[in-house]
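Asker: Let the sequences and hints guide you as you build the complete structure.
Sequential numbering from 0 applies to the sequence shown in numbering that gives the first Met the number 0.
Hints should not be assumed to be uniformly reliable.
Taking CB as the label site, the calculated pair distances span [what the hints assert, rightly or not]:
1) Arg-74 to Glu-129: 22 to 30 Å
2) Thr-2 to Ala-87: 36 to 44 Å
3) Gly-4 to Asp-78: 37 to 45 Å
4) His-56 to Arg-81: 17 to 25 Å
5) Thr-2 to Arg-133: 24 to 32 Å
6) Thr-140 to Asn-52: 37 to 45 Å
7) Leu-5 to Ser-103: 38 to 46 Å
8) His-118 to Ser-30: 18 to 26 Å
9) Gln-136 to Gly-4: 24 to 32 Å
It is worth saying that the hints were derived from the structure and are not from the lab. Built from N, CA and C at the ideal position, the CB exists for glycine as well.
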Amino acid sequence: MTTTGLKAFDETIHLTNRWLNELQSDLDLDSKQQAYHLLRVVLHRLRDMLPVNTAVHLSAQLPMLVRGFYFENWRPGADIDRPRTRDAFLDAVAEGFTPTQHASTAGAVNAVFYLLSQHVTDGEIKQVIECLPRQIQELWTSSRPTD
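Answerer: What follows is the structure, encoded as C-alpha cells:
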C-alpha cells in the first residue's frame with residue numbers, strides 16, 4: 000500500500016513508525032507522539048555531544064525521516080554547553096521529555112540507546128560510545144538487557 004506515491008517516502012514513514020512503535024511498546028508510553036518527542040530529544044542531546052564527523056556517520060544509518068529531525072536546528076561547531084556527567088545529560092533530556100509513570104528519564108534514555116543499538120551497526124555504536132564522557136558511556140551500556 001502506498002501512502003505518498005513515492006516509494007522512498009513510504010518506506011521511511013513505515014520504518015520510522017516501526018521505531019516509534021518499538022519505543023512506545025518498550026516504555027509503555029501512552030502515545031506515539033510521546034515516543035517521537037523522546038526519540039527527538041535524546042537524538043538532539045546525543046548529536047550535540049558528538050564530533051561532527053561522528054554525528055554525520057550516525058545519521059547515515061537513521062531512517063530518512065528520523066535523520067531529518069536529528070539534524071533539525073543543528074549548528075555544527077556552535078559553542079553549546081555539553082553535559083559531561085550522567086546527571087547533567089539526563090537533566091538536558093528532561094528539559095524536552097517529561098518522565099512518565101512507566102519510565103524515568105534514565106529509563107527513557109536507556110530505551111532510546113537500546114533502540115539505536117538494535118538498528119545501527121555495532122561498529123557505529125562503538126564509535127559513538129567512544130566519543131562520549133565515561134558517565135554517559137555507562138548510561139549507554141546499561142541500556143543493554145542483561146541475560
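Asker: Where does the structure disagree with the numbered hints, that is, which hint numbers, in rising order?
Answerer: 5, 6, 9
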